[in-house]
Amino acid sequence: MRRGEFITAGVLAVLSIYMMWKSTELNIGYIKGEGPGGGAWPFWLSGIILICTALIAYNAARRTSPPSQSDEPVLDAEGRKMLIEVFGGIFVFVALVGIISMYGAMLVFLFYYLWFLGRHSLKLSLIISIATPVVFFFFFEALMRVTLPKGMGFTEPFYNWLNTIIY
Amino acid sequence: MEILAHLSGGLWDAVQPINLILIMMGVTLGLFIGMMPGLGSVNGVAILLPITFLVPPASAIIFLAAIYYGAMYGGAISSITLGIPGASTAVATTFDGRPLALKGKASLALVTAAIASFVGGTVSIILFTLFAPMLASVALSFGSPEIFALMLLAFATFVGLGGDDIPKTILSICLGLVFAAVGFDEITGRPRLVFFDISGFLHGINFLVLAIGVYGIGEMLWTIDTTRGKITSTEAKISVKGVVTDTKESFAKGWRGMSIGSLLGFFVGILPAAGATPGSLMSYGIAKLTSKDPDSYGKGNPDGVAAPEAANNSASTGSMLPMLTLGIPGSPTTAILLGGMVIWGLTPGPRLFAEQPEFVWGLIGSFYVSNLAALVINLSFIPLFIWMLRMPFTILAPMIFVLSIVGGYAATNDMHDVWLMLGFGLSAFFLRKFDYPLAPAVLAIVLGPIAEPTLRQSLLLSSGDPTIFFTRPIAGPITIIAIILIFLPLINLIRRKLRGAEPSGA
Numbered sequence: 001m002r003r004g005e006f007i008t009a010g011v012l013a014v015l016s017i018y019m020m021w022k023s024t025e026l027n028i029g030y031i032k033g034e035g036p037g038g039g040a041w042p043f044w045l046s047g048i049i050l051i052c053t054a055l056i057a058y059n060a061a062r063r064t065s066p067p068s069q070s071d072e073p074v075l076d077a078e079g080r081k082m083l084i085e086v087f088g089g090i091f092v093f094v095a096l097v098g099i100i101s102m103y104g105a106m107l108v109f110l111f112y113y114l115w116f117l118g119r120h121s122l123k124l125s126l127i128i129s130i131a132t133p134v135v136f137f138f139f140f141e142a143l144m145r146v147t148l149p150k151g152m153g154f155t156e157p158f159y160n161w162l163n164t165i166i167y
Numbered sequence: 001m002e003i004l005a006h007l008s009g010g011l012w013d014a015v016q017p018i019n020l021i022l023i024m025m026g027v028t029l030g031l032f033i034g035m036m037p038g039l040g041s042v043n044g045v046a047i048l049l050p051i052t053f054l055v056p057p058a059s060a061i062i063f064l065a066a067i068y069y070g071a072m073y074g075g076a077i078s079s080i081t082l083g084i085p086g087a088s089t090a091v092a093t094t095f096d097g098r099p100l101a102l103k104g105k106a107s108l109a110l111v112t113a114a115i116a117s118f119v120g121g122t123v124s125i126i127l128f129t130l131f132a133p134m135l136a137s138v139a140l141s142f143g144s145p146e147i148f149a150l151m152l153l154a155f156a157t158f159v160g161l162g163g164d165d166i167p168k169t170i171l172s173i174c175l176g177l178v179f180a181a182v183g184f185d186e187i188t189g190r191p192r193l194v195f196f197d198i199s200g201f202l203h204g205i206n207f208l209v210l211a212i213g214v215y216g217i218g219e220m221l222w223t224i225d226t227t228r229g230k231i232t233s234t235e236a237k238i239s240v241k242g243v244v245t246d247t248k249e250s251f252a253k254g255w256r257g258m259s260i261g262s263l264l265g266f267f268v269g270i271l272p273a274a275g276a277t278p279g280s281l282m283s284y285g286i287a288k289l290t291s292k293d294p295d296s297y298g299k300g301n302p303d304g305v306a307a308p309e310a311a312n313n314s315a316s317t318g319s320m321l322p323m324l325t326l327g328i329p330g331s332p333t334t335a336i337l338l339g340g341m342v343i344w345g346l347t348p349g350p351r352l353f354a355e356q357p358e359f360v361w362g363l364i365g366s367f368y369v370s371n372l373a374a375l376v377i378n379l380s381f382i383p384l385f386i387w388m389l390r391m392p393f394t395i396l397a398p399m400i401f402v403l404s405i406v407g408g409y410a411a412t413n414d415m416h417d418v419w420l421m422l423g424f425g426l427s428a429f430f431l432r433k434f435d436y437p438l439a440p441a442v443l444a445i446v447l448g449p450i451a452e453p454t455l456r457q458s459l460l461l462s463s464g465d466p467t468i469f470f471t472r473p474i475a476g477p478i479t480i481i482a483i484i485l486i487f488l489p490l491i492n493l494i495r496r497k498l499r500g501a502e503p504s505g506a
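If you read the protein sequences in the order shown, they are chains A and B. Take the first sequence: its letters are residues 1 to 167, numbered as in the numbering used here. Take the second sequence: its letters are residues 1 to 506, numbered as in the numbering used here.
Any given hint could be a false lead.
[Unchecked claim] Stretch-level coverage of chain A by chain B, calculated; a stretch enters the list once three of its residues show a Cβ under 8 Å from a Cβ in chain B:
#	region
1	1 to 9
2	64 to 70
3	105 to 113
4	150 to 157
5	160 to 166
These are calculated hints, taken from the structure and not from any lab test. Think of the CB as a built atom: it goes at the ideal place given N, C-alpha and C, for glycine as much as any other residue.
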């Protein structure tokens, strides 16, 4: 945890410096007759962030913040496994949206989570992972008239067929 | 008298079929959300806000406010039957609720919680009805310096009263404010902070992308990581006859807690940094402190259930007061509601009362109806809710992830924002591990688009002289209070050092 506290503060410091640099694309000073320039607000706030990261690192060095006193790892083996399985799953879900559509990706993700991670029965996993996208489809496309991503071209005939039901 | 006329109109609006259905749905969903460990009102409202964009704003906010209300009732159910708070607002309810359940009095605890929630809700709504129009009419005269001073006060309460690590709190606020500045500079019209020149940043960072990232994805990961153990629930049998005797008993033994919680909760709820969680903890503390028998607390005293439950409902109404009258949210949940109102094209703040009276009074009317609906639904379906609590988290969690992804997309119709949301979610998970408070960032991204222009306009008004925030009659005192609050932790630290005691943290 202690090392993590320094790394987090370091990453945030780099981010704040980047944001300060990016803010200077606009005027960061006071323009007479116009008020503060467009970059002033984010520039000085990012500056405060930078000062805060220094204070956080200072506190961590003096071991006054709880994370800097802890010897526990940020993520133990089980935590790492969880993060890879769960967050990895979500990541793949979002990546699949552009290929097999939001509804298809939803189905795959739910089945993966319920059957593989949740170890639920095949029947229950299939029912939930098929029913959810169907409910979502009718709620969003038919009821709310919101279109969610349909993926690549090959899904088109399928959605055209579905659209004939709802329109 | 004028208030009564407005109120009756508002009540009439609230019982219109569509609104009544939305209230029932919202309250039921809220009860469920509040009850599920790892999900609170703020998660529910953040994740579900995008799907309300297509109903009229008045109905949408009534639905979301009903969720907020229901969640305050629902938190108690898991606190009592599982011993795990369903939401942070119900932490204090476990102290006496769980012992009561273990003694076989789960039914008394659940009924007391429901009745206290109702009392707290009702008292606070009456206070709200009386105070809101008054405050709004005062706030009508506010100009840019006053509004900016109020923003400063909102952030200062997080620093002074939030109780988290000070540099981390300030960092969180500033990060939210900078993220709010991404996109276009409103005054010069030039693109600003377009990170790595990715065009997706040109439309700015929608507050929902951050809110769902933090509360939908980050917090879910955190809950999965921390609650690896199994959860066991206590049986609770509820009968009509039992409810009647329990109601009598809860009034007899819990009236003190209910009155303390109702009043204290409301006023704590108004403060931006505080909200329902500290309100309920403080009410529990004061009920115990002023009791003739403080030792019975923590062992199953109904008063210990009544005080926090009255307080969290009261605080949720209280936190809507500054949101509607000043345009400043009183809690993270109301911050998201406020962001929603902006998307719906409403300008929260004093003018809302004058320009959109139907909206405001319809919402106030819905508070009364939601409160009653929550009581009835809660008491009639307690066994069903307890049964639902046995639903494995491995079914609930993927559903929440799916809702978050769809919600993140629906907010802006851009996959760029979904990826950004994943990034925020993962960052939030790690930042939370290192005790970075994230509610200030969510509040800041909502308030940023109001805070920055008011600051710039004020400085333009005074030709760059910052003393404008000190010399105006209303802005002055607010700014001074805000500055005192920001330095309060530092003053405390110095005082402790002078006394020679070891400081317990920076």
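How the hints compare with the structure:
no., hint, result
1, 1 to 9, "holds (count 4)"
2, 64 to 70, "holds (count 4)"
3, 105 to 113, "holds (count 4)"
4, 150 to 157, "violated (count 0)"
5, 160 to 166, "violated (count 0)"
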